[in-house]
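A.B. asks: Sequence order for the protein chains is A and B. Count the first sequence with the working numbering and you get residues 250 to 673, in order. Count the second sequence with the working numbering and you get residues 358 to 775, in order.
Calculated from the structure, these hints are not laboratory results. Heads up, the beta-carbon is just placed ideally off N, CA and C, and yes, glycines get one too. Don't take each hint at face value.
Once the Cα atoms are required to be at most 30 angstroms apart in a straight line, the calculated DSBU-like pairs of lysine-lysine come out as [stated by the list, open to error]:
#	chain 1	residue 1	chain 2	residue 2
1	A	Lys673	A	Lys607
2	B	Lys653	A	Lys607
3	A	Lys268	A	Lys612
4	A	Lys268	B	Lys653
5	A	Lys338	A	Lys607
Distance ranges between label pairs, derived from CB positions [what the hints assert, rightly or not]:
#	chain 1	residue 1	chain 2	residue 2	range
6	A	Gly425	B	Gly686	46 to 54 angstroms
7	A	Ser336	B	Ala644	50 to 58 angstroms
8	A	Val494	B	Ile530	38 to 46 angstroms
9	A	Arg535	B	Gly686	44 to 52 angstroms
10	A	Ala312	B	Leu523	49 to 57 angstroms
11	A	Val648	B	Lys653	22 to 30 angstroms
12	A	Ala319	B	Ile521	32 to 40 angstroms
13	B	Lys653	A	Leu538	54 to 62 angstroms
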Amino acid sequence: MSATVLAPTLDRATTVSWKAPIAFTLFTLVSALLFIGFSSDGYAEFRFSPSNDPWQIPPLVVAGRPVGIAGVVILAVITVVSIWLSSTKRRTPIWLASIYIAVLLIAFLAWAASAAQTSVIPLAGLLAGSLSLAVPLIYGSLAGVIGERVGVVNIAIEGQLLFGAFSSAIVASLTGSVWAGLIAAAIAGVLVGMTLAVFSITYFVDQIIIGVVLNVLIVGLTSFLYSELLTPNAAALNTPPRFDVWPIPGLAEIPLIGPMLFRQTPIVYLAYIAVFLVWWGLFRTRWGLRLRSVGEHPTAADTVGINVGRTRFWNVSLAGGIAGIGGSFFTLGSVGAFGQEMTAGAGYIALAAVIFGKWHPVKAALAALLFGFTTNLQNTLSIIGSPVPSQFMLMLPYVVTILAVAGFVGVSRGPAAAGQPYIK
Amino acid sequence: MSDVQQTPPTEEQTPPTAQEQQRGRWRQAIREITLGGPLIGLIAVVLAMLVGSILIAATDPKVAAAAGYFFSRPGDTFAAIWESISGAYTAFFRGAIYNFNRPDFASGIKPLTETLTFATPLIAAGLGVGLTFRAGLFNIGGRGQMLLGAAIGGWIGFAAPLPIVLHPIVVVIVGMAAGAFWAGIAGVLKAYTGAHEVIVTIMLNYVGYYLVFWMLSTKGLLQAPGSNNPKSPPMAETAVFPPLLGDQYNLHAGFLISIAAVVVVWWILERSSLGFSFRAVGLNPRAARTAGIDTKRVTIIAMCMSGALLGLAGVQQVLGTVTTGFSAGIDAGIGFDAITVALLGRSRPWGILAAAILFGAFKAGGYSMQAAEGIQIDIVTVVQALIVLFLAAPPLIRAMFRLPDPSAPRRKAKAVKA
């Protein structure tokens with residue numbers, strides 16, 4: 250897709266990428282087909298404030314067809330600009346791509362709502378729901394980022410989330426304390442992480458195989474114990490208390506984003522802190538430098554005296570603990586009881602977020618938010634009765650990830666030594 | 358596991374004498390038995406079943422009740438544990454091999470045919486995953502490939518008006534092509550963009566699931582007419598695999614296709630030049646490329662063949678196991694079980710056949726345990742995963758049972774030389 254063109258003087262080389270214009274052209278054509286070809290005369294109403302909010306922002310009502318047409322025109326203009334930029338050997342700037350995505354999203358929402366039975370998009374609910382779907386994905390993706398940065402592919406995120414959810418439900422029910430449940434979830438995650446570490450680092454077993462097998466094992470184990478122990482003794486073992494909502498004074502009153510970000514449970518605030526800590530730790534501390542050097546070039550790290558095996562072992566265990574805490578969000582944060590296979594593939598979406606976020610904790614967390622948003626958008630659209638089949642919305646994170654690993658969306662290059670055992 | 362494990366090569370210094378050679382060969386044989394081969398597999402199965410038994414006993418309410426007064430009458434606890442475990446294994450035997458409660462042999466042997474019925478798609482799927490292991494690839498996308506094979510093949514199965522013998526053949530070919538196409542996406546992306554096939558196949562599992570779910574819930578595609586459920590109409594009479602042993606058994610002609618697949622895959626891997634290039638790429642892709650093997654082509658072909666075998670497993674599900682119309686759960690977790698089957702069978706076709714029959718027995722016996730003793734079928738998943746976990750780490754088992762290490766220097770041979 251990209252070619253290196255050498256200038257005649259041979260003093261500088263410019264890389265021209267045609268990926269952005271190609272992607273833009275494709276999406277513009279599809280949107281033109283959908284928003285103009287299949288438009289309806291309906292109106293779309295965007296509601297910004299939840300109905301119980303003290304400051305109400307008046308809802309915005311727009312007609313579906315004009316917004317769709319205007320959107321397609323803007324998209325086409327951006328596409329032409331992008332083609333021109335590429336033909337003059339320049340890159341498409343990131344802000345232009347951001348505008349493109351925003352316009353595409355608004356036009357899509359207006360089109361989908363105007364064709365639906367109830368043409369109301371509750372934006373506040375949409376965003377808040379996205380965050381709560383994204384929280385376990387954020388924890389999971391942090392676990393994936395740490396694991397891959399230290400050189401161990403963590404396919405077992407799914408198992409760590411599920412075991413965390415399971416343990417936190419039992420311990421929180423028995424002790425009546427959500428915090429005890431949270432700690433139990435972390436310990437459960439650490440146990441799974443340590444198993445992964447022992448097999449992949451000590452016994453040099455293929456990391457992916459162990460990850461997959463651990464996932465299967467934990468699905469089986471938790472399902473078995475759920476039916477044998479938790480269902481007959483539900484009152485004693487599977488009625489955990491839930492975290493209370495702690496509104497942050499002041500910040501929680503900001504319209505639209507206040508309720509979404511700052512009227513949440515402690516486990517959500519912990520996720521914000523975790524993202525910051527992992528970013529700061531990875532790129533600003535000695536721990537992070539050592540961790541990344543082990544993942545990029547273990548031989549060099551070993552030469553300067555870093556114990557590769559030990560570094561990998563403890564960081565994979567730490568990653569397991571983070572994912573375990575994420576699992577407790579299912580039981581202590583959202584649902585309030587453990588259910589069979591309740592993580593439903595969230596660990597694999599978290600893995601997708603790791604790759605889409607280019608192995609960077611903040612970008613991975615944003616990718617997790619994006620995936621949470623698409624899932625919740627699908628929920629909202631199916632509630633208002635939109636014509637888009639919900640399955641295609643659900644597919645989106647996975648398709649985007651395939652495009653990302655194949656190199657169509659940005660350049661994705663993981664840590665060099667991820668997945669390879671280090672044998673002295 | 359030899360594809361996964363890294364064993365340092367043993368060094369040979371001076372040419373050994375005939376007597377030493379004899380002894381060396383004998384030693385080699387002992388070594389193969391004790392570590393690489395069947396003994397570790399057997400130990401892994403036994404250990405996993407032991408853990409399974411502990412789980413069964415520990416979650417049995419009768420055992421828990423007896424353990425409540427353990428110190429006054431400890432015998433009761435042990436009796437309850439014995440009853441729990443022996444009951445489970447008796448039910449397992451009755452469900453998987455031979456039901457001695459039945460009056461005659463013909464109905465008593467039915468469980469064994471059930472085992473083979475469950476094994477049928479596991480054989481095909483296990484071969485598919487094992488084939489990619491041999492080529493140094495990893496296909497976790499069995500679920501997606503099975504679903505696509507089942508959906509597209511199944512569509513021919515209920516919609517196409519074809520005569521009796523031709524119909525299932527066409528369904529098998531179309532289903533295999535659909536599975537090959539779905540896996541081929543991962544193969545092409547791996548070959549030309551370097552996208553890791555593990556990530557792509559995991560993602561394709563979900564894309565395939567939602568795609569098939571959408572087709573099943575859309576009128577005019579796969580949904581049964583007059584219904585709002587995401588379920589297809591039943592297969593046409595002409596398409597369904599005929600029973601192999603008469604109508605009283607569920608074993609169907611798909612089993613013969615699986616056996617044929619074992620032979621074909623064995624021939625391809627061990628006797629054809631294509632299989633040689635698979636193994637060469639699997640052992641060392643750089644050396645293979647230097648030797649003139651087109652590694653991109655091998656990657657794509659291996660993924661497509663693997664997908665075709667998983668598509669076959671999907672077709673066997675719709676034409677053999679569930680002929681009354683399928684839903685999006687038709688894969689029944691076989692795509693993931695196939696990974697464990699391939700690992701237990703060490704990616705060798707005949708090993709996979711044996712492993713698939715064992716896992717088929719686990720499934721058949723597991724349902725019987727659930728019905729007779731109320732033990733959840735999920736215990737089977739736990740035992741299967743544990744087998745692979747134990748199997749994956751021969752050093753672990755070796756340490757537990759103090760078996761000799763294959764990579765350790767041969768102390769005796771050196772002593773003779775000195």
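A.B. asks: Would you list, in rising numerical order, the hints stated earlier that this structure does not obey?
C.D. replies: 6, 7, 8, 12 and 13
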